[in-house]
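So the protein sequences, as listed, match chains Y and C.
Take the first sequence: its position 13, counting from 1, is numbered 13 in the numbering used here, and each next residue is one higher.
Take the second sequence: its position 8, counting from 1, is numbered 8 in the numbering used here, and each next residue is one higher.
Don't take each hint at face value.
To be verified - Reference listing, derived: stretches of chain Y covered by chain C, where coverage requires no fewer than 3 residues with Cβ under 8 angstroms from a Cβ of chain C: (1) 43–54; (2) 64–70.
What the hints assert, rightly or not - Pulled a few chain C residues facing chain Y out of the computed Cβ check, cut under 10 angstroms: (3) Glu96; (4) Leu98; (5) Thr196; (6) Val199.
Because the hints were derived from the structure by calculation, they are not lab data.
For every residue, glycine included, the Cβ atom is placed at its ideal position computed from N, Cα and C.
Next come the chains, spelled out residue by residue.
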Amino acid sequence: MGLLAEISGNVNAIGYGLAAIGPGIGIGILVGKALEGMARQPEVTGVLRTNMFLGIAFTEALALIGLVAGFLFT
Amino acid sequence: MLGVLVLPKLQTVLSAKSEEGGGFKAPSISEFFPGPILFEGTLFELTRINAIGLFMTGLLCLFFVLAFSKNKFVPRGIQNLGEMAVEFVQVQIIDEILGHKGARYATYLTSMFWLLLAFNITGILPLMHISVTSVIGFPFLLAIISFIVFNVEGVRANGAGHYLKNNLFPAGVPAPIYVLVTPIEFISTFILRPVTLTVRLLANMMSGHLLLVLFFGATQYFLIESAGIMKAVAIPAFFMGFAFTLFEILVSFLQAYIFTLLTAVYIDSATSAEH
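From just these sequences and the hints, can you work out the full model?
Pasting the structure below:
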């Protein structure tokens, strides 16, 4: 049986793709919930927005570590 | 000063153009390690990125000195801008997070925010095109300073024993569980906080710069080196580059905001008596 397919490229790209899945879902849920809260109670928008950015900062860190790891482990 | 900043960039642009048919060069990590331009071989060796950092620091100092050197009760001209700059951090970050404790840290947080913004925004400023914060030195330095500030302030507010007990042995946990909780709390408070502060800022600015290089490099490649119909691909590549330039303005602002916000949150949680 001959060669059916050949893949070339960098495994790091796949690694970063995997690392982006979790934070992507996380930020989606986080911002969605924050917007829901703002729609229900517009008067707490300021507090919700600040905490939303905090949450995004923590969630995003994982994706960014994935990005850095791609450069580190070459 | 400006000539020193601009000339190496022009040289790289010109040399890239003279290599006809060199093929598409994907951006790599070496983008962030340009050669020294001044004082080569001495302790004060400057790369292009350091020079941009010094230049922006000077610019920022000049702005605030001009804004507040002749204070008037009714502000005019540049003093208005200066007051807006200070008030933004005061209202959006310090009042929101620290409340009445904030006055003590206002100087540090305000100067940190504007210095970070000045250093981030050079990523899209013409002729500079690299963020000072996209090499690890500056984010790491600021993260270490923030780390020292929130620890020292926590010890000052609660006493060393209380501060460590609050952080390492959170109340309301059954005693045997401390075997698990204490190492986790130690790592997350004393190691991961400065590390994530550094990596978040660094990786955001680094990936932004790589994206811009990728899209504008592709524009140049398709426009000049490829033939026939493929030249048309340069148009979407250019517009993606343009869109990401706008996105980079947002990211520079957001990262300066988040770094300052997180420092404020860490100071707040360290100085409050119990959580």
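Structure-based check of all given hints:
no.: 1; hint: 43–54; in the structure: holds (count 5)
no.: 2; hint: 64–70; in the structure: holds (count 4)
no.: 3; hint: Glu96; in the structure: holds (5 angstroms)
no.: 4; hint: Leu98; in the structure: violated (12 angstroms)
no.: 5; hint: Thr196; in the structure: holds (5 angstroms)
no.: 6; hint: Val199; in the structure: holds (6 angstroms)
Checked against the numbered hints given earlier, the structure breaks only hint 4 and satisfies all the rest.
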